[in-house]
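Based on the hints, put chains B, C and D with the ligands in the right spot on chain A.
Each chain, letter by letter, is given below.
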Amino acid sequence: MVDEATLKALEEKVTELRRLVEQDGLALDDELALLERRLEELRREYFAKLSDWDRVKLARDPRRPTGIELVEQVFDDFYELRGDRLLRDDPALRGGLAKLSGKPLVVLFHQKGKTLEEQKRYRFGMAGPAGYRKAVRLMELAGRLRLPLVSLVDTPGAYPGVEAESHNIAGTIAQCLQTMLGLPVPTVAVIVGEGGSGGAVAIACADRVLMLEYAIYSVISPEGAAAILWKDQKAAPKAAEALGLSAPKLKDLGIIDEVLPEPLGGAHSDPQATAATVRTALERHLSELSSLPLDKLLSLRYKRYRHAGSYRELEGRP
Amino acid sequence: MVDEATLKALEEKVTELRRLVEQDGLALDDELALLERRLEELRREYFAKLSDWDRVKLARDPRRPTGIELVEQVFDDFYELRGDRLLRDDPALRGGLAKLSGKPLVVLFHQKGKTLEEQKRYRFGMAGPAGYRKAVRLMELAGRLRLPLVSLVDTPGAYPGVEAESHNIAGTIAQCLQTMLGLPVPTVAVIVGEGGSGGAVAIACADRVLMLEYAIYSVISPEGAAAILWKDQKAAPKAAEALGLSAPKLKDLGIIDEVLPEPLGGAHSDPQATAATVRTALERHLSELSSLPLDKLLSLRYKRYRHAGSYRELEGRP
Amino acid sequence: MPIWKDEKKSKREYVEVTPSRAEDLWLRCQSCGELVFRKKLAQNSYICPHCGAYFFLSAQERIASLVDEGSARDVTAPLVANDPLGFVDRKPYPERVKEAQRETGLLDAVAVVEAEIGGHPVVLAVMDFRFIGGSMGSVVGEQLCLAMERAIESRSPFVLVAASGGARVQEGVLSLLQMPKTVLVRRKLAEAGVPYIAVFTYPTTGGVLASIASLADITLAERGTRIGFAGPRVIEQTTKEKLPPDFQTEGFALAHGMVDQVVPREALRDELARILAILDGGRDGG
Amino acid sequence: MPIWKDEKKSKREYVEVTPSRAEDLWLRCQSCGELVFRKKLAQNSYICPHCGAYFFLSAQERIASLVDEGSARDVTAPLVANDPLGFVDRKPYPERVKEAQRETGLLDAVAVVEAEIGGHPVVLAVMDFRFIGGSMGSVVGEQLCLAMERAIESRSPFVLVAASGGARVQEGVLSLLQMPKTVLVRRKLAEAGVPYIAVFTYPTTGGVLASIASLADITLAERGTRIGFAGPRVIEQTTKEKLPPDFQTEGFALAHGMVDQVVPREALRDELARILAILDGGRDGG
Ligand SMILES: [Zn+2]
Ligand SMILES: [Zn+2]
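Chains as they are written, first to last, in the numbering used here: chain A, 1 to 318; chain B, 1 to 318; chain C, 1 to 286; chain D, 1 to 286.
FYI, nobody ran anything at the bench for these hints, they're computed from the structure. Given the structure is predicted, the values throughout are model-derived calculations rather than measurements. One or more hints might be untrue.
Cβ-Cβ distance ranges computed for the label pairs, FRET-style [stated by the list, open to error]: (1) A:313 to B:76: 52 to 58 Å; (2) A:20 to D:68: 25 to 31 Å; (3) C:237 to B:296: 20 to 26 Å; (4) B:184 to D:90: 42 to 48 Å; (5) C:233 to B:294: 50 to 56 Å.
We treat Cβ as the ideally placed atom computed from N, Cα and C, and that holds for glycine.
Isolated chain A (complex conformation) (with noise of 0.2 Å):
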């Protein structure tokens, strides 16, 4: 069986060669061609059997397209808007203007790091009270622009600290899900990396979601359930599996809307491709729900979240 190790390992030397071919001209193409087919076998083998906790490796891989990446290749222009207009501008959660189609729209999204600096920098896409209240003006703005609302959501969850408690994390998450429930707009949400808990869900209760492929969405991560549930941390493959946090598991739970296929090897051996597949899903459900009328949207928004959960009538008491 193919592990993630020998695949990371081959694609790092099938980059390297090819940067070689290009740019120095070296004569390898033979090698290159070879390794290249080597490498798609490898990757057909392992994409196909992939597990729950490969797939949280690949949501989580720093190479992945970040936020801003997709959003550039995905809309026409993206005008970014800044601050909370009381504390600070938070970079791990980003939005603005953007233009898809010819037609305006507000985005919001979580911001990651490729380099460790830049994850220092966007706090591994963690955002704390400051993102949460820029995204509820954002939100504000889109309603009363009429604009609709796209969000991309890759983040591990809310910031965890003293400063995110000081300043009511959960109330500003709390915030967020009342304003974004109540817009008078369309909105699509789309799981581009991690879905992490609350920090997610804030910005992705939408009328419709998407997830890429190899995205998941959780309840909490996989190692903490382990930690909670299974009292041991080398359990978190175990715990991947059974959280049901694949996009194709939360498909068949009718949770996500449509799973948004990925390039062979994911994300990130085609962003280009990624962006293009996001931004013609996007179009799709925005021009859907766009022609719907206002009281109608809402009565499909109210209906799809009030009916959330599985549970059933007692037969007997137990």
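Just chains B, C and D with the ligands now, kept in the frame of chain A:
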């Protein structure tokens, strides 16, 4: 002519003497009666020719009933609500649920202190972003629960400071204005002491604006105006006169709706009577406003503020 | 179960107290070791008469301690959890649910009653931390929504006594979706102009705090509760921060503007009655 | 008038520059002392080509620097200030107004035009700090309201270039009431779904910042502006605080989440055009 110092000295002597008679049972009734008569004469004389600068000093007199003292006497019950759900609780701008004539309402008020220690704790009634954010929260609560809003204004102005500017005090005051002007419930403001600038109007843009007789309402403190316009700190009394900050003047200008008479000697000489006056006026205005249909209420509010100001059409370019 | 103890009003201490069984007539206080007669304890708001420690309250005991005697009518819907993910950790989820049901006498982590407090009708939902940590799964979410809808219909204030460790992990994202679900119906409550009072009890945390619990009109915190989004261990591990001593206490919440008042347990009923009396304009001669 | 100078992008400096008279063909830069040909200066967004200092802009110059050439139509209403209080400080208020009118060629501290920016129609209101410190009295309040009402009618975005020391003290509380007045009409603009972009220029302070200026959908700050509610002297006197070196600068405002972007003056027109192009869905094939 009687001056403020003479009057104050006599007031203190009378108070002391009264205590001796009432508490220690000293037989000084005759002396007391004499002094009291003299005090009343002096008061009449003093209050008959009150200058605007005298009014400024009266409005700021720390013996005047403070926000919470009025609230406890004007309303049948008061339940304080704290905190802005983000930063902290600001003790300089307080609020909560209260009852008047058996009906619930939301009350907001600035809080000053009597002792130096209290004055420091309440920052002399100067609220910061947390205070005005709490005001917004309580206004929204009033709107949600369809409760009338009453505000008692008594502040030198919003707190000026690095922390206030860092948390966007200006934007928060703007939010206050925006929220208050849109409330689907009757709103009544009473300027009970100092109505200082932006920090006052933030909670005073009501359907009805009332003023206690010796309260002041001004775009800038007389000292500030003296410094900026006269370039002379000693011009404050002159500035007070020029600014038109007295209740009768503001009534003449149509800026306030009613002057609420204070007892001779000012609100602090009979807090109970003052509270009763405020209570009666609030009952009357709230009952009038509550009888209006919502669209009428809002259109009257719109007219009131849309047409605020004094200007004329140009007769020929200058 | 750690709960709070107020010793001479200065020392702050958490103690472990075993949840009581309904059949025990005498209970031993885990803080001072004294035996306390259960009936007497109930009359004392489940506060140890010897040392002042707060005993852990079941939903049923909490309801009894808050509402006018004999006024409560159980309106908890007859719903039980499914196992949408076939979730098994050290134990299958359905087994956990059955155990919790046996232990608590509840169907899930919340009980809903129509009752009166100080003569004022309310719809009261009380979460029970004994039931899988008071976690909000599909049943809790649905019960809270039904309770709010009942409050809208009867135009009685909705009172939520929160006690939750967060989301019901065993239901995966379906549990996460109870956050928007309850917030959605809270919006309806607001549109209807029906008051909503939340009482934070030990502990009010995670997804419940980050949704329905934080959106009340009026928020009280029982003395001794823990209020916070993330667990202290998660915070220390993620950020390497040193946590202040009062971190996520009710005093911390009050200081940071998150709650309106902190109320000692014995005053909670009267405090609610007083708020309801003010809001109840129609009754008191309005 | 102190304005900002960007020397080698690192040093930050305010310099005094005398407002220019319309008849001067050559202007002397108060920062580097060089003489600059006025026409060249206008082409360079009124930035000194020698040292990079920002020259002070009149409302007319600001309008010319932002809008598509020849597109501006003056729609400032023919209104002039009354003297409701008979206000006299070292000078009677009417005299101050007349002087400011003579000096600026404006009726009061704001000019309103209908124009295009990058081909996109806007209603543009530009405040002029030369006119009694850009203070908002009754005329400014009314002009801003009329401008917003015009934007609602034409469904063109409203752009406000703010420059104000605060309220017009000489009109007393009537001046204060321009805060709720302008906010009220801003609410109408929002209800109509018409975009509102604010540009903070030197200085944006006091009552204007605490009302209409802070409520835009999108807020840009020109580099070098001062943004704040209270004056630094008032703060130091009241609180005895030491002010941080970047206090109330545009960088301070950006760091504290008060503005969306800081824009160098020469980029302002393009920045506005870009935002308007995104918002203008109907035109670009929407
Ligand atoms: Zn004990
Ligand atoms: Zn120069």
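Each hint, compared with the structure:
In this structure, residue 313 of chain A and residue 76 of chain B break the distance hint of 52 to 58 Å, their C-beta atoms being roughly 47 Å apart. About 51 Å separates the C-beta atoms of residue 20 of chain A and residue 68 of chain D, a value inconsistent with the hinted range of 25 to 31 Å. Restraint check, residue 237 of chain C to residue 296 of chain B: a C-beta distance of roughly 59 Å breaks the suggested window 20 to 26 Å. The supplied range of 42 to 48 Å is met by residue 184 of chain B and residue 90 of chain D, whose beta-carbon atoms lie about 47 Å from each other.
Residue 233 of chain C and residue 294 of chain B have their C-beta atoms about 51 Å apart, which keeps the hinted 50 to 56 Å range intact.
Taken one by one, the earlier hints fail for this structure at numbers 1, 2 and 3, listed in ascending order.
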